[in-house]
Amino acid sequence: MFKYYNIIFNFFVSLKLTLTLLFFLLLSLFISMFFDPSIPISFDNSSPLNPLNDIFELDDIFHSWWFTLIILLLALNLIACSIIRFPKIWNDSMIPYKRLDSFILRKSSEYANGYLKQIKMPLFNSAEYKWKDNNAEYIFFEKHKFARFGVYIIHFSLLVIMLGSILTSQFGFEGIMFIPEGKSSNMIQIQGPNKSSFLHHLNFQVRCNHFHLNTYLSGDINSYESNLSILKNKKDHSPILSKTIKLNDPLYYYGYTFYQESFKPLKKKKHVFFLKVNNELYVTSLKETFHYKCPVNKLKDKSIKIVKYFKDYYSLGEAIQIKTQDDIFIILKNAPNNYSHDLIKFIKADYQYATGIKVCKTPGITLVFLGFAIMLLGLMIAFRMNQRRYYAKIIKITEKKYYLSLAGTCNRFPQAFKKEFNSIVFKHLFI
Amino acid sequence: MFSSTYLYNTSSLLYVIVLFGYLLNIGIKSSTLKKIFTTILSIGFIIQSIGIALRWLESGLVEVHSFLASSNEIQSRLHYLVLLTQHPPWSDLYEIMIFMSWGIIFVSLICEMKWENASFINIFSLLFSLVALGLASLNKGITKPLVPALKSWWIMIHVISASIAYAAGIIAAISSLLFLISSKSISTRSLLIGSLSTFVLFLLLLMPDYYSSWDLALLFVIFIGCVLIMVIRLSSINHSSIMPSQTQLDHISYSNILISFSFTTVVLITGCLWAHYAWGRYWGWDPKETGALLIWLTYAFYLHTRLNYEWSLEKSSLISILGFFIIIAGFLGVNLGWFSYGLHSYGRS
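Residue numbers (the numbering used here), protein chains in the order written: chain A, 1 to 431; chain B, 432 to 780.
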């Protein structure tokens, strides 16, 4: 039993497996680039690729069994390699062998020696570590002690990102909701596998107060944004939260994120009206009664209704006919100052749009972002730091004659280290 | 007229001068001459940087004008400043190519400062930079207002790190190629077969489509590489006397790959963050995203081969050269539509 366990473990520990898996991952990613993820591939029934597609799920490589297998094996490989190598690196980094002996010298090590009349102290740095033996004095100094853990941190961050992705894909969802201007909704359409779709109900309402499309003169879209409000229920008038969202600027509420994604004009081209009542903006549609906060007795009634819209009212421009409980009157868009209503102002009429909002719940996103932060930290440690060790051995021969041996080892960039070591050698041995 | 295009042309002229200067210096080997040409290169780089800054201002003014033309009002000074700066000069293919050439010069200047013999490698990086600049000049650099998806501050750091990452990758591939050429364990015949088959493979890959000027330029670069291998290997010149030593070449390539790997990580991370805030998902297997991941994984593969003691440096160098083609595919190929259409399609023209 133990033997089999060993075989399996050795299989996962090998670097050859890592390279093989990475190679297949590269290959599959390269192939997948030719296929659009949003359009499923459709082969003819007679196509020879059909059985291949059935087995290897070519139409959705990233969710196919073999792609998942590669990722899974890679994760196992990573964990096994970390387990097997960690104690060695830990011991070597934390409890270094500090005496200059011949076996510390590796392929990339530097070594120099010579006879001197006197020795300048300290040899390497004030933080160096020294002690005396019967016949010799040993000095040890190291820089960037933790540099070798950088690689572990990077690998660990990969595992954290993988965990975050699994959480997101298992417990998160991504859906879309279209809300016409002035309306509210709590239904999200979610795309399921195989072109199926189902509805998800939020336990709160999202209202689109108004949608604003901004175009250039050429007709190109400059920007679009919608003002959203979160309501407890449909009849609630005081929103919990309101925000204008646009691309790159979403709204967060209760674990959900609302992104401005698209928009579409409503099928029946309806108008929406922007009114300012007592300097507060209201958006309403035709023949819809709405309420407003009444200032002192100006209009006794608190409800207003737009009855009619005139594109051109007796060649005076756009106008609307407003009905309150005891009055009906006309308000012009471009009214001269003397004739404008002192309370109600007609700002503009616009076609009604439905805003397309993408709703996402990504529970693993914090883990993924944490993984990114850890990865950047690991990169800084792994590539900017270089574990370097300096050793010295001083043998006193007579009062005015010393034998000094210097040695140094580094973990990365032997060329740069050679320069650094040579400057130390130059400082002490060739005076 | 004094415009960014004018400055770009001036800097390309200076780069051509430096290119010939470096070539001349192979024979003369004068350190004074080298210093003079490196100074000219830095001046050209500064001029190009000013050109890019000017382009930023120009496109900012286009933004402001088109904003005003669509009967909007600028609310405050800050709003004006935002409008002026929100269109960085790396938002379409023309600008990206200029920015790439800028990145290549930037990284090769750093190499020049760090390593003594880097000017031999810089001959080739200058060639790449000039090809990129030349290709950009084929396009008319007309500024269009920015599409809504690009209106984000992430574009700054995302594209700058992409430019540095890919420039470092290209320089790493160049020094790896030189490493292979100077390697004694590889025969001339296998080098020739390798380079010619790469050329033919690329020719075949581009066959189905009509040739665009971009594809032709890539072929041209590969063709020059093939010719170069032939010239250096077949000529009687002792190439070790003009080229940096093998350890140095390997060191330059390794360091550049570390830079490229780190910055590709930054590209991926900022891309993920941006996608999260703009589209609601941090990863969607879009061809461009897959391309960047492909580049990252290729370099991860390279770094792991160096750990494996059974792999020779020659084999690792091959991976580094493969990295160049992956960069071209993942960066340019996606924009040029070699692969499926994705969300990054605004970079196509």
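These are computed hints drawn from the structure, not numbers from a lab.
Careful, some of the hints might be misleading.
[To be verified] Derived SDA-like pairs (lysine to any residue); straight-line CA-CA distance at most 20 Å:
#  : chain 1 : residue 1 : chain 2 : residue 2
1  : A       : K88       : B       : L738
2  : B       : K746      : A       : S14
3  : B       : K582      : A       : E420
4  : B       : K746      : A       : D54
5  : A       : K418      : B       : K582
6  : A       : K264      : B       : P579
7  : A       : K243      : B       : T678
8  : A       : K418      : B       : Q679
9  : A       : K419      : A       : H155
10 : A       : K16       : B       : E741
11 : A       : K419      : B       : L738
12 : A       : K264      : B       : L738
13 : B       : K582      : A       : T215
14 : A       : K419      : B       : N570
15 : B       : K545      : A       : K246
16 : B       : K582      : A       : L247
17 : A       : K145      : A       : H155
18 : B       : K575      : A       : I221
Hint consistency between K582 of chain B and T215 of chain A [alpha-carbon to alpha-carbon, up to 20 Å] | holds (15 Å)
Is K419 of chain A close enough to L738 of chain B, meaning Cα to Cα at most 20 Å?
-> Not satisfied, since the Cα-Cα distance of roughly 24 Å exceeds 20 Å.
Restraint status (C-alpha distance of K419 of chain A to H155 of chain A at most 20 Å) = violated (31 Å)
Assess, step by step, whether the Cα of K545 of chain B is no farther than 20 Å from the Cα of K246 of chain A, and give holds or violated.
-> violated (46 Å)
Please work out if K582 of chain B and L247 of chain A have their alpha carbons no farther apart than 20 Å.
-> holds (8 Å)
Given the hint that K746 of chain B pairs with D54 of chain A, does the C-alpha gap stay at or below 20 Å?
-> Distance ~36 Å between K746 of chain B and D54 of chain A Cα, so the pair is violated.
Holds or violated: K582 of chain B with E420 of chain A, Cα cutoff 20 Å?
-> At roughly 47 Å apart (the allowed maximum being 20 Å), E420 of chain A and K582 of chain B break the hint.
Given hint I221 of chain A paired with K575 of chain B - CA-CA distance at most 20 Å = Measuring from Cα to Cα gives roughly 11 Å; hence the hint holds.
Within 20 Å, alpha carbon to alpha carbon, are K418 of chain A and Q679 of chain B?
-> holds (13 Å)
Pair hint K88 of chain A and L738 of chain B, alpha-carbon separation not exceeding 20 Å | Given that 20 Å is the threshold and the Cα spacing comes to 16 Å, the pair holds.
Hint consistency between K145 of chain A and H155 of chain A [alpha-carbon to alpha-carbon, up to 20 Å] | holds (19 Å)
Starting from K746 of chain B, check that the Cα of S14 of chain A is at most 20 Å away, please.
-> Satisfied, since the Cα-Cα distance of roughly 19 Å is no more than 20 Å.
Comparing the model with each numbered hint stated earlier shows that hints 3, 4, 5, 7, 9, 11, 12, 14, 15 do not hold.
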